[in-house]
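Participant: For this one, chain C is given, so just place chain Z on it according to the hints.
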Amino acid sequence: MTTKNTLGKAAAVVLMAALVSACSSNAAKEEAAAQAAAERAAAEQAAAAEAAAAEQRAIEKEKAMMMAEKREEKRRLMDAASAAGSVFYFDYDSSALSDDARAVIDAHVALMMADSGNVRLEGHTDERGTREYNLALGERRANAVRDYMVASGVPAYRIETISYGEENPVAYGSGESSWMKNRRVEIK
Amino acid sequence: MAQSITLLLLSLIYSSLAWGQLEIQVTRGIDNPTSIAIAPFAWDGLGTSPVDFAQIIDSDLARSGQFSPVSRRDMLSLPTSKEDIFYRDWRAIATRYLVIGRVTKGTQLRVDFALHDVERGIELFSGQVVGSEPEARMVAHGVADAIYEKLTGIPGAFATRLIYVSVTRNPEGKDFYRLTVADADGSRPIVLLEGRDPILAPSWSPDGKEVAYVSFESSRPAIYRQVLATGEREQLTNFQGLNNSPVWSPDGRFMALVLSKDGSPDIYLLDLETKALTRLTRHYAIDTEPTWMPDGKSLLFTSDRGGRPQIYRYELATGKIERVTFEGRYNARARVAEDGRNVALVHQRDGRFHIAVFDLVTERLTVLTETSLDESPSIAPNGSLVIYATKRGERSVLGAVAVDGGVKFSLPARSGSVQEPAWSPMLPKQ
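Chain order of the listed sequences is C and Z.
Quick note on numbering: the numbering used here labels position 98 of the first sequence as 98, and the sequence is numbered without any gaps.
Quick note on numbering: the numbering used here labels position 200 of the second sequence as 388, and the sequence is numbered without any gaps.
Chain C with its partners taken away, still in its complex shape (with noise of 0.2 Å):
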């Protein structure tokens, strides 16, 4: 009983020593095969990364140029705006807008829709009449410049008015031609 149970171990690991060679042949085939895999798929991460790194380099590239293009946009803007003034006229006792007045507030409405920025509309008068009626009449005007640059497109709370009514004249003398450069909006 002892000795069959002692060949039949034997045979048993014989039979085990069989597989095992078997197996470690085996295994080692799988290993390269499992390697060159690696190393392919190593090769088409790189390859898949430097083309995406292109791929953003030209994005970048392309913002830039747009970003550039932008600026340069912006900077005719604000050339065609400081070309065009900043400083509206208004007839006596008048807030209506003259088609100069309205070309050289189409040009700050151009920039401010390319921008994010906001503006102070300062109005004001000639010394004639009374100061407060006066005041009355400064907001009046910058309130003209305003409602026509929301009409245009720009949201109102980027636009603040103030009135100095006559208190801050830009010519000193009395008659027309200190007057007509007195009766005036400005944008800041």
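Worth double-checking, as some hints may not be accurate.
To be verified - Derived DSS-like pairs: lysine-lysine, alpha-carbon spacing no greater than 30 Å straight-line:
#	chain 1	residue 1	chain 2	residue 2
1	C	LYS188	C	LYS74
2	C	LYS188	Z	LYS362
3	C	LYS74	C	LYS61
4	Z	LYS397	Z	LYS293
5	Z	LYS508	Z	LYS449
6	Z	LYS596	Z	LYS338
7	Z	LYS596	Z	LYS397
8	C	LYS181	Z	LYS449
9	Z	LYS617	Z	LYS397
10	Z	LYS362	Z	LYS449
11	Z	LYS270	Z	LYS338
12	Z	LYS449	C	LYS188
13	Z	LYS362	C	LYS181
14	C	LYS181	Z	LYS579
Unchecked claim - Residues on chain Z that point at chain C, a partial pick, calculated with CB under 8 Å:
#	residue
15	LEU430
16	PRO453
17	THR476
18	ARG521
19	VAL534
Note that these hints are calculated values from the structure, not bench results.
Everything numeric in this text was worked out from a predicted model, so none of it was measured.
Using N, Cα and C, we set each Cβ at its ideal position, and we do this for glycine too.
Facilitator: Below, chain Z alone, put in the same frame as chain C:
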């Protein structure tokens, strides 16, 4: 340290003299002013009299345009009591009235004075005015008020004050503004507020203890009230848009003012106790420059709802609005006399802006001034004179004219521009 304080004080005194001190020049009096002599007053007390009382009374009466004071050099005697008066001395130099006086210094100053009729050789009236020594000038003005009232039947308004805005132009940058209070004769100017931002529309509280005004110091217009004695001040409004034209109601409880926070400029009422705000006018036109009728039941204001600025009246009980002025294309910035009848305003004629008086009873409008850029009329509390601002060259100066147009004088500042004068109410006796 002590030296630097002295220097600072000196510079303060210097600047208050240089800026805002007014000099009064009578440019037109009545045809036959009454001759009156104010003999130098006696002084009972240690040291010397703080001011020349007779000289101040003399200048006040001269400034009314109705009196021609006798020069001290021409006086043959200088009486200070009834017993010293020789009427023939005064008849010899064609004097109609004579004033004598004595100042006694106790804890306060007491002035005993008497008015004599030289022609009839009798004492017409004697009186007494008491006040503190620092207020010696106001005491002298009080004597002038009593004499003026005795001789004209109209209370004098010499012991009153003015507030005005003086401006130093700066073509290189921002102008410099000072809100100044001074005696009605231009003396003792005190700067209440100064800075590079506009100050506008000063007005008095009915008790003469406070002023209200608009200041742009926060870079936007806001309404403030300020106590004269302490300098303590309070911001009343600071809304989006206009905050303008504050005027106290005659009972001192409310302030009418102009706001444009709801769109266009409209008249509002601010309860000074509860701070509740009531909107009075609702119109897309400009409604501004409110002023109270003396009974406090209605307000006059300027509106261009008819196309051009004209004066309208708002009745508080009913909210009814009626147009008041129809003559001419521009009538604005009304101020009502204590009688509730004469309204001083700015009236445009032939392209020129004049001060005019509109009579609410007869509805007659009388132009008082010939200059062309006149504004900001304010009526003396006795209703006799209108003070206003006008242009002389590039400077703004003050002028005054009798409500009947008879007397005129100018109050040029030594330097800079002076604008927006507001005459105080009658002040409590010192």
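Participant: If a hint holds in the structure, say so; if it doesn't, say that too.
Facilitator: For each hint, the structure was consulted:
{"no.": "1", "hint": "C:LYS188 to C:LYS74", "verdict": "holds, 17 Å"}
{"no.": "2", "hint": "C:LYS188 to Z:LYS362", "verdict": "holds, 16 Å"}
{"no.": "3", "hint": "C:LYS74 to C:LYS61", "verdict": "holds, 19 Å"}
{"no.": "4", "hint": "Z:LYS397 to Z:LYS293", "verdict": "holds, 27 Å"}
{"no.": "5", "hint": "Z:LYS508 to Z:LYS449", "verdict": "holds, 23 Å"}
{"no.": "6", "hint": "Z:LYS596 to Z:LYS338", "verdict": "holds, 22 Å"}
{"no.": "7", "hint": "Z:LYS596 to Z:LYS397", "verdict": "holds, 29 Å"}
{"no.": "8", "hint": "C:LYS181 to Z:LYS449", "verdict": "holds, 28 Å"}
{"no.": "9", "hint": "Z:LYS617 to Z:LYS397", "verdict": "holds, 13 Å"}
{"no.": "10", "hint": "Z:LYS362 to Z:LYS449", "verdict": "holds, 27 Å"}
{"no.": "11", "hint": "Z:LYS270 to Z:LYS338", "verdict": "holds, 19 Å"}
{"no.": "12", "hint": "Z:LYS449 to C:LYS188", "verdict": "holds, 21 Å"}
{"no.": "13", "hint": "Z:LYS362 to C:LYS181", "verdict": "holds, 17 Å"}
{"no.": "14", "hint": "C:LYS181 to Z:LYS579", "verdict": "holds, 19 Å"}
{"no.": "15", "hint": "LEU430", "verdict": "holds, 6 Å"}
{"no.": "16", "hint": "PRO453", "verdict": "holds, 4 Å"}
{"no.": "17", "hint": "THR476", "verdict": "holds, 5 Å"}
{"no.": "18", "hint": "ARG521", "verdict": "holds, 4 Å"}
{"no.": "19", "hint": "VAL534", "verdict": "holds, 5 Å"}
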